[in-house]
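Based on the hints, put chain P in the right spot on chain V.
There are 2 protein chains.
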Amino acid sequence: MERSGLLIILSSPSGAGKSTLARRLMAWDPSLRFSVSATTRKPRPGEVEGEHYYFRDKEQFNAMVGAGDMLEHAEVFGNLYGTPRGPVAEAMNAGRDTLFDVDWQGGQQIRASVLGAHVVSIFVLPPSLAELERRLVSRQQDTAEVIAARMQKSRDEISHWAEYDYVIVNEDLDESTESLKTILTAERARRARQVGLGPFVRRLMEEQH
Amino acid sequence: MERSGLLIILSSPSGAGKSTLARRLMAWDPSLRFSVSATTRKPRPGEVEGEHYYFRDKEQFNAMVGAGDMLEHAEVFGNLYGTPRGPVAEAMNAGRDTLFDVDWQGGQQIRASVLGAHVVSIFVLPPSLAELERRLVSRQQDTAEVIAARMQKSRDEISHWAEYDYVIVNEDLDESTESLKTILTAERARRARQVGLGPFVRRLMEEQH
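Chains V and P, in that order, give the protein sequences. If you're matching positions, the first sequence starts at 1 in UniProt numbering and goes up one per residue. If you're matching positions, the second sequence starts at 1 in UniProt numbering and goes up one per residue.
Excised from the complex, chain V in its bound form (with noise of 0.2 Å):
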């Protein structure tokens, strides 16, 4: 049955296994296309134009924010990012869902855009606060001010969460895995997304007249 694409919000303080569950999510249906953002900032090396960000001077940035050609956006130590609308929505209209990795900015500025019909939304809980903390310092990556500082961001982050269609707490990748692979089955079978009910339903009646 034909049916319009989803907009896959997934939201989570930092460590909370978001992207591992995106990356599974997209190993278990690869027709997902994870949105690419665009961006005002350099290109670091290796990174590829269309694949990692689309690569934008300032003025082409807020031509596209002008234009209304732009999902979200937002500025992040002096550089602007944002989210393309025409990539979502051609992706949208051939039926394939888009999975956005976005913070509750993100996720309330696409709910608010003129796909916002089209959201669901998944917020990613840690187990505890300690776990949270626990993950970023076995990392290694960073300082303690710099983990205090990604502390203080995950309480903003998870004050949120009642914001979302979906909570999910991730105690287990496995179970979490298998929640948000039965969140989208059911989403996808909605009847408000399934645009070849219609025509399916005429058909039906007009069988025997």
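I should point out that these hints are in silico values taken from the structure, not numbers from a laboratory. Even glycine gets a Cβ: it sits at the ideal position worked out from N, Cα and C. Please note that a few of the clues may not be correct.
[Unchecked claim] Now the stretches of chain V that chain P is said to cover, found in silico as 3 or more residues with beta-carbon under 8 Å:
| no. | region |
| --- | --- |
| 1 | 116-130 |
| 2 | 155-161 |
| 3 | 165-174 |
| 4 | 187-195 |
| 5 | 198-206 |
Structure of chain P alone, referenced to chain V:
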């Protein structure tokens, strides 16, 4: 995680496989409660009060309607039928789901009731009307006239498909049963139903204070 119970509305034209699907769902999850209707018609041999129906006289029935104790009610062939609110609300508060086998009118009334926010509604479509008629004929229960009347009723019922959250085209009973399970599992996981999430996040945030 503690959650509030759902009101699961299952509707379909007669012969589309709804009763079989309901039975399979109850076998899959014995905690599901099948909604028992109240009626003013006389019990038939073997019918048990509270299991097949709540048998009430007209005065008792109308008193319940007057007191707002019926989620929905209708008159069919001179008898009154309705869904008492008490047992549904009780199951809901205990985190148990109630399954309703009702037509589109019953579905509309339950959605419009005070418990409407807890409804998940699913419409089961036959793959074709010819198939539906074939199933009715093969039962060998009805005359051609009765079958023609049932088919007209089926068309009326089908015309309300777009009022439901989910639509399942029942081509294969096993597949349709899996779809139902997936829908139920996902709907139970919705943030708004997980009444235990609020306290959980409060504990999470207080952890390090």
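Status of each hint after checking the structure:
Proximity of the region 116-130 of chain V to chain P, defined as three or more residues with a beta carbon under 8 Å from a beta carbon of that chain, is established by the 6 residues found. For the region 155-161 of chain V, the proposed coverage by chain P is satisfied: 4 residues have a C-beta within less than 8 Å of a C-beta in that chain, meeting the threshold of three. Look at the region 165-174 of chain V against chain P: 5 of its residues bring a Cβ nearer than 8 Å to a Cβ of that chain, three or more, so the hint holds. Figure legend: the region 187-195 of chain V, annotated as covered by chain P; annotation consistent (5 residues with Cβ-Cβ distances under 8 Å, at least 3 required).
Counting residues of the region 198-206 of chain V whose beta carbon lies closer than 8 Å to any beta carbon of chain P gives 5, which reaches the threshold of three, so the coverage claim holds.
In summary, the structure agrees with every hint in the numbered list given earlier.
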